[in-house]
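If you read the sequences in order, they're chains A and B. Under this note's numbering, think of the first position of the first sequence as 610, with each following residue one higher. Under this note's numbering, think of the first position of the second sequence as 344, with each following residue one higher.
If you're looking for bench data, these hints aren't it; they were derived computationally from the structure. Only a predicted model underlies this, so the values are computations on that prediction, with no experimental measurement involved. Among the hints, a few may not be true.
Said to hold, decoys possible - To give an idea of the interface, some chain B residues facing chain A are shown, with a C-beta separation under 8 Å as derived from the structure:
id: 1; residue: Ser363
id: 2; residue: Gln468
id: 3; residue: Glu563
id: 4; residue: Phe687
id: 5; residue: Tyr840
Stated by the list, open to error - Pairs of lysine-lysine residues, derived as DSS-like cross-links and limited to a Cα-Cα distance of at most 27 Å, are as follows:
id: 6; chain 1: A; residue 1: Lys825; chain 2: B; residue 2: Lys855
id: 7; chain 1: B; residue 1: Lys800; chain 2: B; residue 2: Lys719
id: 8; chain 1: B; residue 1: Lys810; chain 2: A; residue 2: Lys827
id: 9; chain 1: B; residue 1: Lys727; chain 2: A; residue 2: Lys1028
id: 10; chain 1: B; residue 1: Lys812; chain 2: B; residue 2: Lys741
id: 11; chain 1: B; residue 1: Lys466; chain 2: A; residue 2: Lys797
id: 12; chain 1: B; residue 1: Lys574; chain 2: A; residue 2: Lys1057
id: 13; chain 1: B; residue 1: Lys757; chain 2: B; residue 2: Lys741
id: 14; chain 1: B; residue 1: Lys473; chain 2: A; residue 2: Lys827
id: 15; chain 1: A; residue 1: Lys827; chain 2: B; residue 2: Lys458
id: 16; chain 1: B; residue 1: Lys925; chain 2: A; residue 2: Lys796
id: 17; chain 1: A; residue 1: Lys827; chain 2: A; residue 2: Lys1028
id: 18; chain 1: B; residue 1: Lys466; chain 2: A; residue 2: Lys800
id: 19; chain 1: B; residue 1: Lys574; chain 2: A; residue 2: Lys1157
id: 20; chain 1: B; residue 1: Lys420; chain 2: A; residue 2: Lys947
id: 21; chain 1: B; residue 1: Lys574; chain 2: A; residue 2: Lys1037
id: 22; chain 1: B; residue 1: Lys727; chain 2: B; residue 2: Lys855
id: 23; chain 1: B; residue 1: Lys810; chain 2: A; residue 2: Lys825
id: 24; chain 1: A; residue 1: Lys947; chain 2: A; residue 2: Lys1157
id: 25; chain 1: A; residue 1: Lys796; chain 2: A; residue 2: Lys785
id: 26; chain 1: B; residue 1: Lys719; chain 2: B; residue 2: Lys409
id: 27; chain 1: A; residue 1: Lys701; chain 2: B; residue 2: Lys719
Virtual Cβ for every residue (Gly too), placed ideally from N, Cα, C.
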Amino acid sequence: MLKRLLRCIGEYKKPAILTPLFMIGEVAIDCLIPFMIANLINQIKAGCEISQIIRIGVILLIMALFSLLFGGLAGFTASKAAAGFAKNLRHKLYERIQAFSFENIDKFSTASLVTRMTTDVANVQMSFMMVIRSAIRSPLMFIFSIIMSFYMGGPLAASFVIVVPILIFGLLMVAKKAMPSFRAVFKKYDKLNESIEENVMAMRVVKGFVREDYEKEKFGKASDNIRRDFTRAERIVALNNPIMQFCTYFNMIFVMLVGSQIIVTTSGADIDVGQLSAMLTYGMQILMSLMMLSMIYVMLTMSHESMRRIDEVLCEESALKNPENPVYDVKDGSVDFKDVSFKYSAEAEKYALYDIDLHINSGETVGIIGGTGSSKSTLVQLISRLYDTTVGEVSVGGINVKDYDLNTLRNAVAVVLQKNVLFSGTIKENLRWGNNEASDDELVNACKLAQAHDFISAFPDGYDTMIEQGGTNVSGGQKQRLCIARALLKKPKILILDDSTSAVDTKTDALIRQGFEKYIPSTTKIIIAQRISSVEHADKIIVMDNGKIINVGTHDELIKSSDIYREVYEQQTRGGADNE
Amino acid sequence: MSNVNEVTKKPRMDKEKRRSLMRVIKMLWQAYPVLVPLTAACILFSSLVSAAPALFNQQIIAVIEKWYVSGDWASAKAEILPLIGVLIVLYILSLASMFTYNQLMAYITQGFLSKMREAMFNKMQDLPIKYFDTNRHGDIMSHYTNDIDTLRQLVSQALPALLQSVMVVSVILCIMIYFSGWLTLLVLLGVLAMMLVTKKIGGGSKKYFKRQQKAMGKTEGYIQEMMSGMKVVKVFCHEEESQADFDEINNALFEDSYRANAFANSLGPIIFNIGILLYVLVAIVGGALMIWNVPNFSLSGMPLTISIVIPFLNMTKQFTGNFNTVSQQMNSIVMAMAGADRVFALMDEEPEVDDGYVTLVNAEISEGGTITETNKRTGKWAWKHPHQDGTTTYTELKGDVVLDMVDFSYDGEKQVLTDISLYARPGQKVAFVGATGAGKTTITNLINRFYDIADGKVRYDGININKIKKADLRRSLGLVLQDTNLFTGTVLENIRYGRLDASDDDCITAAKLAGADDFITRLPQGYNTVLANNGSNLSQGQRQLIAIARAAVADPPVMILDEATSSIDTRTEAIVSRGMDKLMEGRTVFVIAHRLSTVMNSDVIIVLDHGKIIERGNHEQLISQKGTYYQLYTGAFELE
């Protein structure tokens, strides 16, 4: 998994590798500085010339400058590498998602995909930056400081032999104990927030049933439960500070006690006051680097979940593959279903479609009627190969849909989905989704056919009117008509309207249908509708129930032969003798 | 110059923020009146100790100096050991207090957060519906996630770190002045320089972080839009264009993100190395002062010797380090205050006022019509109406609702309802028909007092509803809404939400009444099936049926059905409507519906347009009027 993610570093490999290199430079200097300072202190103590002090001072200044340079450069390259890594990750994720089939899209929810591309990538970016800056720096700092302290301090370095294992052990224990508790409590925390959201959304129900106190009590319990778990986890982590401080103090006392003895007994021959203070600095550096390592460990385990979630998307294989030698031409708009059964996932027990056999001639108008859950939408989505059949085959123009180039097929089969979406941008831009090269005349023609031209022209900005995200500034019926126009611009061989005129009044609905008959007679039109009036005049009406085709026939035939059709028809026209 | 502007624009600790900070501290203190001061004392003590070694260093080095030439360890030891002994004792005490406050902090922080969460949640339950209609749910949620998180940062990190650093800085400053005035001056000058640089770079960093935030928002918006429209993208083979657009936004985000982090990353090394610079300067100046025997200027009056210069050098480091912590923590406190402000804004929201005094009580009604109050559940209810003269009258709850010349506006500007008068006799079914925004839902919002009317009167069994206690008013009204909201829990629990003391049998009976029993018993665990995510494992129609059962178990005399069957297809609706019809029997019912088939059998159908009643009557009357209702019925136009 890590390998797959790291491949996304791509062109930012250079800064990613340079960062630790710069860090090596910085660390080396940072470890030499206390050494020079010890020198300086010893010089001062010995009461030497001021020129000597200044000489060492200048060396130190130069070292500080280089350290600054390396540190700054590393900061620069690290942020570039991490931001680049994040950029590529997002790009890869987006690319992957573009290749998703409907089946893949159903599997991940919109919200989860958004989180993966934002929060999760940001988490990975932060930990990646931390790792390339510190994962090399801290161990190096640790090693250099140990070397320097043994070199300079001799016996004083013995202190670290005692302290370091204690600290490592302590930090490891804390991390190991705390991590699982945190992971568990975070999950609970998410649940708590979900329940708050539930409460906010259901506020009318809460108030309507006067359940305020009940909700308070319920929440109080849950919140207290979380508090207990959180406190338990945090109290483990709270041990880190005292452990660290214990080691610092121990080192301090050891160095002072043993150090002063050595200095006094040897009259400063091996070790002098300068070394004494340098040892304290090294001590801090060693302990800090260990602390840092444990932080990296925690950070990595925290972001592990994010990495897993990103990887999940990257690994998701599109359920639909373009064939090897695809067909690039759709002959006509005829559709055939041969013994088709379908279920949404391999694990699903229930088939969404059973034994569908169906032939639709090119240019026919076909209506589909059925209750919710009767799989009307599922049926038509197989035609443009938004899903693959589980059993049997679907052909368009006499050729199995699996043999077509996907783009060719989908350009020939235009689907106006039930869940219509317009994108932020002008009406024109939205329409051009159907055909990038469409001329203004073509746009107007399509809109006229979809009965959208009149209301578009009534907008002050006409075809340049901005559509807000989600199309919130047009009414439901207008949105549906725009979506139909957008689909018409594709000049499809087959046009599928999946309950696309539900918010359009019956008169306009009828006008749209008449337009279809007149201007696009050769296009196969498949219309899913709730209203009988929308499908009444179709060449063929399909009645579906529970994933099966119950009846096929014309309106008059079905009124006689189909119980369901008759029931729906009567319900919709009940008492309406004066209807039309 | 633009840079300077950027710096001056950074969040300031203004009066309001200071007040919020004081409020947080006060709440903290009130929540833990013993533990908070104890924690503070422990923090202060351990930071005092961590600043102390300088003094010991100085003395130990002085001892070393003294016996250095003679090499007499025995005599030196006699002087050093007591010093170290004292230090060890101090360290042990400090460790103990450190352990204590770290444990206490964990306890206090989580306890405090839990209290804040509960306070917010409880407050939220008391807010009027208006609050939820005018604030986006995402914004309300972020109080519980982001804002609480900034409070956690504040309480668990910023405040203790600030306390600690301020303590260390002031102790060290005292010791420094005690040792040497000249060197202290030098260190202070260095710190000043450091502050200037931090401010400069910090300003740049802040500028880019703001831009990064913006770019992030843009990227997120784009992703959000495209992910929800993914199926449309696929249907139109628009993948490549969409990818190209995304890459452009993604690249912009990269540019800002990397600059912002580059600034932030370089701040660390810069500060660290200025520290070193200062350290070197102190060493050089200290050395020079010693060599040239410049008279020391200090509180202690000690001459400047090596035993002062060395601890001074260490103190320089500690001082600058802690000084940086102080300024960093100040920043994070200012940031946390923004979160705290939002939390307090929620807590300070005006709760729903309820000055009603008429209450709903169980009643026994004798044959003569005399009403006596009782504690038992009798199935009969009465309004208990205390009067000013001390007497109390009882009115039987019947479900007689009258609206008399009601005007209403949500914002005080746009009139939503004008001059609405209507009555519903007990047991009648009143339907509202009209386009979105015509004011149908608003009328029901007024009956259960989710909103209060501006002008006119609403009477319930002859009592002005303003006099009725809201909780009691709402208990007498059942509610089934278009968006069914179910809660995480079993089906049974969800039904029982309507009446908490309902037995399992009561709930099942209600489910049977609503026609929901059939599908519930076919669920894997029947009535004990756990619903999650607002019952996403059920179909819309099934959820609606549970909501109807929930209202049925409450058994209220008046029901409000707001588009309760709108998203069900006609066939399923036939099943649901059987349950609804049973539920409506013998009750006063207000129905709002899109589909006319649901309202045709109403006693009164009221057609609304732009907040006014334009037609009223039963189905036959309205059809014969050949007005708007007739047009709707014949499909000449469709409601949106």
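What are the numbers of the hints that this structure violates, sorted from low to high? 1, 4, 6, 7, 8, 9, 13, 16, 17, 20, 22, 26, 27
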